[in-house]
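Asks: Residue strings, one per chain:
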Amino acid sequence: MTSQTAHAEPAEAAIADTTAIAVDVDRVSKIFRGETEVRALDDVSVGIRKNEFFTLLGPSGCGKTTLLRLIAGFEPPTMGAIRLGTRDISRLPPNQRPINTVFQNYALFPHMSVAQNIAFGLEMLGKPKAEVQRTVDEMLRLVRMEELKNRRTSEISGGQQQRVALARALAPHPEVLLLDEPLSALDLKLRKDMQIELKRLQHETGITFIFVTHDQEEALTMSDRVAVMSAGKILQVGRPRDIYERPAERFVANFIGESNFLDATLSGGTVELAAGGRFDVRVPEGVRDGAVSVLVRPEHASVRSGEAAEGETGATVENVVYSGEATVVHLRLATGEAMKIRLANAPQGGEAPPQTGGAAAIRIAPGAVTVLKD
Amino acid sequence: MSAQAETPFPPGALEREAETADTRRRWLLSLPAIAIIVCAAAGPLLVMVIYSFLTPGDYGNVKWEFSLEGWMNTIVQRDIFDDTLIWADAHLSIFWRSFSLSLITTILTLIIGVPTAWFVATQPPGRREFWLFLVTVPFWTNLLVRTIAIQELIRSEGVINLVLLKIGIIDEPLQMMFTDFAIGFGMTYVYLPLMVLPVYAAVDKLDFRLVEAAHDLYASRWTAFRRVILPLIKPGIIAGSILVFVPCLGAYVTPRVLGGGKNLMFGNLIELQFGAGRNWPLGAALSLMLMAAVMVALIFYVRITSREKADG
Amino acid sequence: MAETTTPTPTETAAPALTAPRREPRGYSVRSLPGFAVIAIFTFFALYAPILILVTYSFNAGTSLAIWEGFSLRWYYQAAANEAVQDAAIRSLYLAFCAATIATVAATMAALATTRTRRFPGKTMIYALINQPLMIPEIVTAVALLIVFAAIKVWTGHTSMIYLIAAHTAFCVPFAYLPIRARLETMDNTLETAAQDLYASRWLTFRRVTLPLMWPGIVAGLMLAFVISLDDVVITEFVKSAGQETIPTYMLGQLRRVVTPEVNAISTVILMAGVILVALFFRLTSRRR
Chain A
1 MTSQTAHAEP
11 AEAAIADTTA
21 IAVDVDRVSK
31 IFRGETEVRA
41 LDDVSVGIRK
51 NEFFTLLGPS
61 GCGKTTLLRL
71 IAGFEPPTMG
81 AIRLGTRDIS
91 RLPPNQRPIN
101 TVFQNYALFP
111 HMSVAQNIAF
121 GLEMLGKPKA
131 EVQRTVDEML
141 RLVRMEELKN
151 RRTSEISGGQ
161 QQRVALARAL
171 APHPEVLLLD
181 EPLSALDLKL
191 RKDMQIELKR
201 LQHETGITFI
211 FVTHDQEEAL
221 TMSDRVAVMS
231 AGKILQVGRP
241 RDIYERPAER
251 FVANFIGESN
261 FLDATLSGGT
271 VELAAGGRFD
281 VRVPEGVRDG
291 AVSVLVRPEH
301 ASVRSGEAAE
311 GETGATVENV
321 VYSGEATVVH
331 LRLATGEAMK
341 IRLANAPQGG
351 EAPPQTGGAA
361 AIRIAPGAVT
371 VLKD
Chain B
1 MSAQAETPFP
11 PGALEREAET
21 ADTRRRWLLS
31 LPAIAIIVCA
41 AAGPLLVMVI
51 YSFLTPGDYG
61 NVKWEFSLEG
71 WMNTIVQRDI
81 FDDTLIWADA
91 HLSIFWRSFS
101 LSLITTILTL
111 IIGVPTAWFV
121 ATQPPGRREF
131 WLFLVTVPFW
141 TNLLVRTIAI
151 QELIRSEGVI
161 NLVLLKIGII
171 DEPLQMMFTD
181 FAIGFGMTYV
191 YLPLMVLPVY
201 AAVDKLDFRL
211 VEAAHDLYAS
221 RWTAFRRVIL
231 PLIKPGIIAG
241 SILVFVPCLG
251 AYVTPRVLGG
261 GKNLMFGNLI
271 ELQFGAGRNW
281 PLGAALSLML
291 MAAVMVALIF
301 YVRITSREKA
311 DG
Chain C
1 MAETTTPTPT
11 ETAAPALTAP
21 RREPRGYSVR
31 SLPGFAVIAI
41 FTFFALYAPI
51 LILVTYSFNA
61 GTSLAIWEGF
71 SLRWYYQAAA
81 NEAVQDAAIR
91 SLYLAFCAAT
101 IATVAATMAA
111 LATTRTRRFP
121 GKTMIYALIN
131 QPLMIPEIVT
141 AVALLIVFAA
151 IKVWTGHTSM
161 IYLIAAHTAF
171 CVPFAYLPIR
181 ARLETMDNTL
191 ETAAQDLYAS
201 RWLTFRRVTL
211 PLMWPGIVAG
221 LMLAFVISLD
231 DVVITEFVKS
241 AGQETIPTYM
251 LGQLRRVVTP
261 EVNAISTVIL
271 MAGVILVALF
281 FRLTSRRR
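Protein chains in written order, with full-length UniProt numbering: chain A, 1 to 374; chain B, 1 to 312; chain C, 1 to 288.
Bound conformation, chain A alone (with noise of 0.2 Å):
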């Protein structure tokens, strides 16, 4: 119990001695025991700030609803500390932490109207009369649900169940929230709708928001940061824009937005593209000098017919697939690799797109090259 901190990354802590930290999590390990042993969660360290819209990002399966249900303390962890601020909660019972969770089902008491739900949590923490009568009103206000505060749970829509699931978390005013998944059962009209909801009562409450998601979009949008997970490890935190343009490994590449691969060599800062090509890039901590591979996402490249000519990169046409706003042009270069290029649609008669069997050219935007950790 010394050090307040371990985490992973050296810039992560950097800004953590700069801003207030909500929730610490500190090298926590998760074992379910049953017939096999499932590592849930295998030494992660985070911490989220104050104040932050803080994203777990993952597949199903990767540990991310696991990690919530700890800090709510819903399950003790097996290993390693979770703390609010400074202090140890790890041996408090979810009805002692001023932590509240919005749940992906929602679970709304059935037996009591909407007011009454939004009133419980405040009636457990024994607040006068008045004020959670107050409280309750000034939550419905909130999420706009004013007439509808003496209906049963049931009887009210899917996006309506939401709103009520967030004003009762959030009426007894938590230190942080936690959302699990709570916008996967809504269609995506209306999920669009409260995504932007979200962050206003977010940005309103001025609560630290942990929302967990397998939506790569979702969290692109909403979050001030990201944590990338998989298989019960954090892969990356940072901005939504970092995460995207300069994620560390193949599987944050892959999980969110496309990609090309490409081999390359790297040599002091610059990299040598197998296919052709030579750019200066940043290069990540922990990789040396030799043969890497390099992302470039579909859209940092454009494409044209005819032969390459200097700064170019000769292809083949393999394939040409309209989508609406964009087409993407299946490649296939010199080297053998597959690259993928996403043009933006110009009105028609514009300049047309390579023809399928043609030959191409390839010019990779400047600082489009990134160099990934394995």
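Just so you know, these hints were derived from the structure itself, not from any lab. We put the beta carbon where it would ideally sit given N, CA and C, even for glycine. Check the hints yourself; a few may be wrong.
[To be verified] Selected chain C positions facing chain B (Cβ under 7 Å, derived; list incomplete):
1) A143
2) V172
3) L212
[Said to hold, decoys possible] Restraint-style ranges between C-beta atoms, simulated for each label pair:
4) E17(B) / R241(A): 25 to 35 Å
5) D207(B) / S60(A): 47 to 57 Å
6) E17(B) / V283(A): 19 to 29 Å
7) Q133(A) / E17(B): 38 to 48 Å
8) T55(C) / I170(B): 19 to 29 Å
9) L51(C) / I170(B): 16 to 26 Å
10) C39(B) / F32(A): 37 to 47 Å
11) Q133(A) / A201(B): 20 to 30 Å
12) P10(B) / R241(A): 35 to 45 Å
Given chain A, put chains B and C in place with the hints provided.
Replies: Just chains B and C now, with coordinates in the frame of chain A:
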């Protein structure tokens, strides 16, 4: 990995604490139920084991002297060299009656129970609840009352004889009461719902697309029934058979009312030892025998239902 | 899923088609010839004896065979019979005590044994609770006779406590059944949510678990009540002198000259049973 020195507790300690507390809480919650059942159901069964090894008292009850007589008197039946041969015959015929009547009852309930269950399960959802309710009501109504109803029916002056006499099929009332027929008839009536309900559950789960597939592959209705439906609802049929057979084996009220003093079944034989027979150790031994027989059937049942669960 | 078309068996001479015979309309793989007939017969056979019993309870004559007109005579006679009154009150008292205690114990046990990982002893607790269901009643009855007889001799105490204990024991698994079923359909996250919203263990139970499992508890109570009221075997062996319940009283009457009085009592028990079962059905089938 480096040491977990920063952890404020040893690895896994919180989980163990939580699990221990949880287990303790669950045991405490179960305690009242356990206490009641141990005191007034399970415990006395163990005491009965002791009693089966004691000597009968002169006016019922027991003398606290060890004896194998109780068990002998049940097993001895097969021993031709023993001088209690006459008793052996009586026991043997009662065992046989219990077994054969239980079997016949099971077969009868099967013959009428399976079509009934099928009928209920294939009703449209709205009406199904109603039919199911009709099956369930007799199941929960008083067993004695239902037995009395059968008695009303088959007595010498009962409705069946009345009708038969009136039509002129018979000249004098048939003696149906106090026969094995009466017991079998009564038990079939009383335990029929126990067959219908599990078979219903099996048919209800049946995927009718499989039956359609059989028809599609040129099976007639009966072939489809025999080759597709029957194998699929077999677990329900076996469950129902055991659920009927077991209480028949231990039946007491129905044979007592409908069978009278002569046509005893296992349960009545046990009672006899605690009444006129005044042989408690024998009664205890017989009880334990019955219990063992029932247990064998139930273990069979559990194995079948657990296999069914594993399949589905 | 289930079709809405009426299942009319079109077993009439189907035209000899060559390929797979898909009969045009009303063809249903759900109908099997003869099954409906047997089923209807079964329902007739299930209810006819009961209806005859009920009918004769309204017979004006002493005979159990010849109908002499409608009368409530046997009901009045049964109601005026002190032995019947006594037994009825005892039956109700016994059922009330046994069902109540059994339901409380079963509720606690159901909470302990459902919605959980395997904990040490779970199988044993489960087996114990269901034990009374698995042993033939006559065996339990005899075992109780042995033990309670010894206790009665030893203490000289012969109150209703023995009957209440015996009834409570075999009522526990029946009360347990619907409560457990209810708990298993309940959403676990509701209680997690309550704890998340600062409710202690007790408050979570009182404010969330109990209201949600309430229909199951009421159903269990009713079931236990009916089971206790109906019991004859165990009661017959455990009761002390002068502790007749309605079923043992009736069983005793059957040995003598039977009058329609027994039919009248049976009818009343039947009606009470049907009403309770109907209520039970409503409680357990309505999902909320």
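Asks: For every hint, state whether the structure bears it out.
Replies: Right, here's what the structure says about each hint:
1. Against a cut-off of 7 Å between C-beta atoms, the interface hint on A143(C) holds, since the closest Cβ of chain B lies about 4 Å away.
2. About 5 Å separates the beta-carbon of V172(C) from the nearest beta-carbon of chain B, less than 7 Å, and the hint is met.
3. Using the Cβ-Cβ criterion of 7 Å, the hint placing L212(C) at the interface with chain B is not satisfied: the shortest such distance is roughly 17 Å.
4. Checked against the hint of 25 to 35 Å, the pair E17(B) and R241(A) fails, with Cβ atoms roughly 43 Å apart.
5. Between D207(B) and S60(A) the CB atoms are about 29 Å apart, so this pair departs from the stated range of 47 to 57 Å.
6. The hinted window of 19 to 29 Å between E17(B) and V283(A) is violated, with their beta carbons roughly 47 Å apart.
7. The beta-carbon spacing between Q133(A) and E17(B), approximately 39 Å, falls within the hinted interval of 38 to 48 Å.
8. A hinted range of 19 to 29 Å holds for the C-beta pair T55(C) and I170(B), which are about 23 Å apart.
9. For L51(C) paired with I170(B), a C-beta distance near 24 Å keeps the hint of 16 to 26 Å intact.
10. Take C39(B) and F32(A): their Cβ atoms lie about 39 Å apart, and the range 37 to 47 Å holds.
11. Separation of Q133(A) from A201(B) is about 50 Å and departs from the stated range, judged on CB atoms against 20 to 30 Å.
12. Taking 35 to 45 Å as the suggested C-beta distance range, the pair P10(B) and R241(A) conforms, at roughly 42 Å.
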